[in-house]
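Produce the complete structure using the sequences and hints provided.
Protein chains: 2
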Amino acid sequence: MRALLFDVFGTLVDWRRSIATQLEAFGSERRIACDWYALVDAWRGEYVPSMDRVRRGEQPWANLDSLHAASFDRLAERFALPSLSAIERDWIVKRWHALEPWPDAPAALERLHEHFILATLSNGNVALLVDLARHARLRFDAILSAELFKHYKPDSETYLGAAALLGCLPAETMLVAAHESDLRAAAAVGLRTAFIARPGEYGSPPAEAPALPAEFDVAVRGLDELAERLAG
Amino acid sequence: MRALLFDVFGTLVDWRRSIATQLEAFGSERRIACDWYALVDAWRGEYVPSMDRVRRGEQPWANLDSLHAASFDRLAERFALPSLSAIERDWIVKRWHALEPWPDAPAALERLHEHFILATLSNGNVALLVDLARHARLRFDAILSAELFKHYKPDSETYLGAAALLGCLPAETMLVAAHESDLRAAAAVGLRTAFIARPGEYGSPPAEAPALPAEFDVAVRGLDELAERLAG
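Chains as they are written, first to last, in the numbering used here: chain P, 1 to 232; chain B, 233 to 464.
Just so you know, the hints here were simulated from the structure itself, not pulled from any lab data. Note that CB positions come from ideal geometry on N, CA and C, so glycine has one too. There are no misleading hints in this set.
Per the computed footprint, the stretches of chain P lying under chain B, defined by three or more beta-carbons under 8 angstroms from a beta-carbon of chain B, are:
| hint | segment |
| --- | --- |
| 1 | 114-127 |
| 2 | 137-144 |
| 3 | 161-172 |
Some chain B residues flagged as far from chain P (calculated, every beta-carbon gap over 12 angstroms):
| hint | residue |
| --- | --- |
| 4 | E261 |
| 5 | R288 |
| 6 | A302 |
| 7 | P386 |
| 8 | A463 |
A short, non-exhaustive set of chain P residues, derived as facing chain B with CB atoms under 8 angstroms:
| hint | residue |
| --- | --- |
| 9 | V130 |
| 10 | A133 |
| 11 | R134 |
Here's what the structure looks like:
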C-alpha cells in the first residue's frame with residue numbers, strides 16, 4: 001500500500017459543531033434568534049441531494065461552495081433569517097472552510113505521513129480543502145477533490161481518478177472514511193478501505209459504541225488506532 | 233496577495249545535478265560509460281519540444297512521465313547505451329521524482345507558508361510532484377499541475393486554472409519562477425510575478441551575476457530574499 005485517501009467531512013473534521021458554534025456566535029452578535037444546530041443539520045441534509053442533482057446530470061457541474069451557497073439561501077428563507085448582506089452570506093458559506101479537526105486527526109496524519117502518501121478525496125472543492133487543511137493543521141501531500149474530476153463521490157471516477165493522479169494502482173490505495181457508502185463504492189473499484197467510527201458526527205454519540213462493520217479491510221475507532229495498525 | 237504558485241524544475245530543485253549524479257552512480261555500478269551530463273542536458277533539451285507537440289495538438293495529452301520516457305528512449309539510442317531492462321528504464325525515468333532542492337528552498341517555503349497559500353504550478357505530473365515534494369521536503373498546500381488542466385505551461389489555462397482552483401483572483405496570485413517566458417505568460421493573464429535568479433541551473437554559473445530583469449513585480453537572487461520581501 002502506497003497512498004491513503006481521506007474523506008474529510010465527518011472523518012477528519014467535526015463539521016456539525018464547528019459550523020454551529022460559528023453561526024451561534026454570528027447570531028448572538030447580531031441578535032438573530034435561530035436554532036443554529038437545526039439549521040446546520042438541515043444544511044447538511046441538503047448535501048447529498050444537491051450533489052445527486054449534479055451526478056444525475058439535472059444541473060451542470062457546480063462545486064461544493066456553490067451548492068452550499070444555494071442550499072443556504074433556501075434554508076435562510078425556511079428558518080426565517082433576517083435579510084443578510086452579500087458579505088455576511090459569503091462569510092457564512094465559507095464557514096465550511098474553517099472546520100475544527102477531530103482531536104486525533106492532526107497528530108495521526110503526521111505519523112502516517114512518514115509512511116504513506118496522504119491525500120484528501122473529498123467532495124469539497126480544492127479552495128475549501130486548502131483553507132480547511134491550513135486551518136485544522138492537517139498534513140496532506142496532495143489535495144484531491146471531486147472538483148478535479150467533475151464527478152462527486154460515490155462516482156467511480158473520483159476513486160480511480162485519485163489513484164491514477166498519484167501514480168498508484170487502486171489496490172495500492174486505501175480510502176479512509178467514516179461512511180460505509182463511500183467505502184463500498186471505493187471497494188467496488190478495487191481500492192482498499194478503512195472504516196473510522198465517528199459516532200458523534202451527527203450529535204451526541206450513543207451510550208454504547210456500535211459494533212464496527214466487518215466488510216472493510218480495516219475498521220477502527222479512531223485515527224490513532226489506524227496509525228498504530230498501519231504505521232505502528 | 234493570497235497565494236504563491238511555484239514553478240518547480242530549476243526554480244526549487246536542481247534537476248541537472250540531481251539527475252546526472254544518480255545516472256553516474258547507475259552507470260558506474262553497471263560499468264556503462266556515458267557522458268551523463270550531456271545526456272541530461274539533451275534530455276532536458278527534449279522537454280519543451282515534447283510539450284509543444286502536445287500543445288499544438290500534434291499528439292494527444294500525455295503527462296510528463298510519458299514524455300520523459302519517450303524522449304529517454306530516443307536518447308538511449310543516440311548515446312548508444314546498452315540495452316536496459318524495463319525496470320531499469322522506469323527507474324531512470326523516475327529520477328525526475330527524486331530531485332534535490334536548491335539549498336534555500338525548504339526553509340523559505342516553511343516561512344512563506346505562514347503567510348500565503350503555497351502551491352506548485354509545474355508541467356510535472358501530480359505523482360511526480362508529490363514524490364518530489366516528499367523527497368525534497370518542500371511544503372505546499374496543494375499540488376497543482378499542467379496535468380489537471382490538460383494544458384502545459386505557458387498555456388493560459390494553467391495560470392488561470394490554478395488561481396481559480398485556489399479560489400483566488402489572478403491578481404491575488406503570484407507565480408514564482410526562474411524562467412522569464414513562464415512569468416511573462418502568467419503576467420499576460422493578470423497574475424503577479426516573482427523572478428528568482430538561478431544562474432547555475434544549466435551548469436556552472438557565470439563569474440559575474442547577470443542583472444535581474446526589471447519587468448516583474450519582484451526579482452530576487454534567491455528564495456530567502458523572496459521570503460524576506462514578502463513575509464519579512
